[in-house]
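Residue numbers (numbering that gives the first Met the number 0), protein chains in the order written: chain A, 0 to 425; chain B, 0 to 425.
Hints are computed from structural coordinates only; laboratory data are not their basis.
Treat each hint with caution, since some may be false.
[Unchecked claim] For lysine-lysine, the following DSS-like pairs were computed, each having C-alpha atoms within a straight-line distance of at most 27 Å:
#, chain 1, residue 1, chain 2, residue 2
1, A, K287, B, K68
2, A, K422, B, K92
3, B, K334, B, K4
4, B, K334, A, K26
5, B, K92, A, K90
6, B, K11, A, K92
7, A, K11, A, K422
2 protein chains.
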Amino acid sequence: MRIVKASEFSLKREVEYGSLEQNLAVKEIIERVRLEGDLAVRHYTEKFDRVAVGELRVEQEEIRAAYEKVEADFLEAIREAAANIRAFHEKQKRHTWMDLQPDGAILGQLIRPLRRVGVYVPGGKAAYPSSVLMNVIPAQVAGVPEIVMATPPATAGEDGINPYILVAAAEAGVREIYRVGGAQAVAALAYGTESIAPVDKIVGPGNIYVALAKRNVYGVVDIDSIAGPSEIVVLADETADPLFVAADLLSQAEHDEMASAILITASERLADQVRSEVERQLESLPRKPIAARSIEDYGAILLTDSLEEGIRAVNQLAPEHLELMVGSPFEILGKIENAGAIFLGDYSSEPVGDYFAGPNHILPTNGTARFSSPLNVDDFLKKSSLIHYSRDALLNNGGKIMTLARHEGLEAHARAIEVRLRKEGK
Amino acid sequence: MRIVKASEFSLKREVEYGSLEQNLAVKEIIERVRLEGDLAVRHYTEKFDRVAVGELRVEQEEIRAAYEKVEADFLEAIREAAANIRAFHEKQKRHTWMDLQPDGAILGQLIRPLRRVGVYVPGGKAAYPSSVLMNVIPAQVAGVPEIVMATPPATAGEDGINPYILVAAAEAGVREIYRVGGAQAVAALAYGTESIAPVDKIVGPGNIYVALAKRNVYGVVDIDSIAGPSEIVVLADETADPLFVAADLLSQAEHDEMASAILITASERLADQVRSEVERQLESLPRKPIAARSIEDYGAILLTDSLEEGIRAVNQLAPEHLELMVGSPFEILGKIENAGAIFLGDYSSEPVGDYFAGPNHILPTNGTARFSSPLNVDDFLKKSSLIHYSRDALLNNGGKIMTLARHEGLEAHARAIEVRLRKEGK
């Protein structure tokens, strides 16, 4: 793991837009699903997942059967995680409000859930039950009445779906699940088919085809942000335990060869210790090839002259995950401007947030924490403005409204007011 | 204005993605501004706006001088509008919260403003002072410390800027204004130049080049949604005054040839009356050619069998603006699912909301009210999750976190917990 001066470091990973071939393939899939519905969905499922799928919708019986296949300790842990995630997101709930004014005018903001949301769950090695909870529960807490899931049948080789995914979905409260993946799933959710009613928003991670398909249908439906590779920054001083720091860096590095794990510290001693610890701990990791690649290509230890310089480096990187392993982490919290999730203190290892504590693990990547937020209840709410002007309110303010309209050259706007004032004899 | 059965109507206006030439031109502009900074900005300003611009930043003296050029009634009206807009958006403010748990864990959501926001203001006939207020004030209420504006010098022919725009900006509190427009302005705001520091988010309407440039820089910065042509739906019963309905439809139609104005009613009598009134009122409008084209191409009167059917049609159209001109508008409000802004009753003409009442006039178009919201304070806030686990919290929950990590095959995640439990002798 290289040690470099913070001032000489920059992290650049390009956003993946896919090749021209991939883009054209996705456009064709979407177009065919839009025109041919289920027929096209089955065609692409056979072509890409090599499964001749029967009913697209997963039977309740299969969901019940999944419970027989998962271990008791898994079920207990996922139930408690779901309860924690629900409790955290409940605190984000918002309500419609109205402001009643003395002249009879009423202004307000109606805050209501989307009607129908689709959650995409990838198959294969990226099938994470925790992500099912993190995508579904905020929508549910927002009050979305219809939450549906799509996941490729290939997950389990035939057309059975990974039982851990089914149990997580059932625990989160999802009952409508379709065995369809890839761009064809995104197209089906956006436009609807005979079997699958269209949704208003699609969330959840996926491979490059899924990401391109989501970009393509954006506007027809809403989408969540396209996740880049994962990142962790640990800001540590000499009080930090190098074993903890190294373990946390590696927990990020094992995700993906493009993941980035960075330590920022003013302590040369800690820097050296963490470098050795990373090498030592890496040796026995089952996912060593991935983690080693990530550490090599995107990992770094940044040496700073001071904690202040370290904080500046954090704000510039705007990391997805930030751990503050310094003596008094709360005392520097106000200076941390940009980070998706902030973990404070020695016991707040990043996996605490990945799985269990309650905050969402779907976070802004690639420096977008400057302007983006963790997935949250607001992402499943829409607002409508409410405007009720009384007769008095219009009589009092109509003249000023006409003045502004006429200064913008919009005479018909002014006349819409004028026709009312005239009727009132003004 | 055609009268059709509601069940036989659908409104389709394609989203504008620009021609290949336009897309390539925008990519080149962005690339050159990114590489050459001010030099490229000046080059394109000379090329497109035909202005050899001096200082890019507008002097405070020019802003002061603008006050001499605007009428007193305009100043009074815009000040009162700004106060109303500020009051409405103040009610949307949100605060950081933390949840302190008995085992010492602390979870929370930090809710903070973006650091720097750029507001684009188009030149020429689309230079609307009201839009300056509507874009700037929510950012200001959110607490954004740096709000900058960019607007093309061509607005006033030479390199002076429309004084109404400058006064609106000053009243809203913007002091940092640059005379630059088009894709070059968007590129400068996104990447920064010698004169213009980069921003975190760009908002505000513009022509196709501005819209394409915003799409291109999305990810480097955040952007607002790309506005489509404007829409109004009036849902009316036999109690509605046909003069009012016709005037309100025309106030939308005069915006743009692609604007859409639709009346939905179960009353054939009202339908006939509104049709005649629209024709009559249209005759004397200064923007008659635009409004007539809009009414002809995208206007319609939809006849329904009942108010219920009318409400269903509204929810399907998900209009930008909705007026409820029915006997008891509040009594049907709960059934209206999708609309950007809802105007209730005879005196709540749409221009009331365009200019003055307080709610934002930047609203979701083209059916996106199904999942999008009016511009609001949240659009200028970002959230960070906060996770502090105490020693006790980790000892109590570490085992479950490790179970979940291992079920997902992420051993390094489990070990990040294990290394801590071991140190505690567990």
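### Proposed proximity, A:K92 with B:K11 (alpha carbon, max 27 Å)
35 Å, violated
### Message
Please verify whether B:K92 and A:K90 have alpha carbons no more than 27 Å apart.
### Response
Holds - the C-alpha atoms of A:K90 and B:K92 are around 16 Å apart, at most 27 Å.
### Query
Given the hint that B:K334 pairs with A:K26, does the C-alpha gap stay at or below 27 Å?
Roughly 36 Å between the alpha carbons, so the hint for B:K334 and A:K26 is violated.
### Query
Taken at face value, is the distance from the CA of A:K422 to the CA of A:K11 at most 27 Å?
64 Å, violated
### Task
Compare the distance between the alpha carbons of B:K334 and B:K4 with 27 Å, and conclude whether the hinted pair is satisfied.
Distance ~21 Å between B:K334 and B:K4 Cα, so the pair holds.
### Task
Would you check the hint for A:K422 and B:K92, treating anything up to 27 Å between C-alpha atoms as holding?
39 Å, violated
### Restraint check for A:K287 with B:K68, where alpha carbons must lie at most 27 Å apart
70 Å, violated
The structure is inconsistent with the numbered hints 1, 2, 4, 6 and 7, although it conforms to all the rest.
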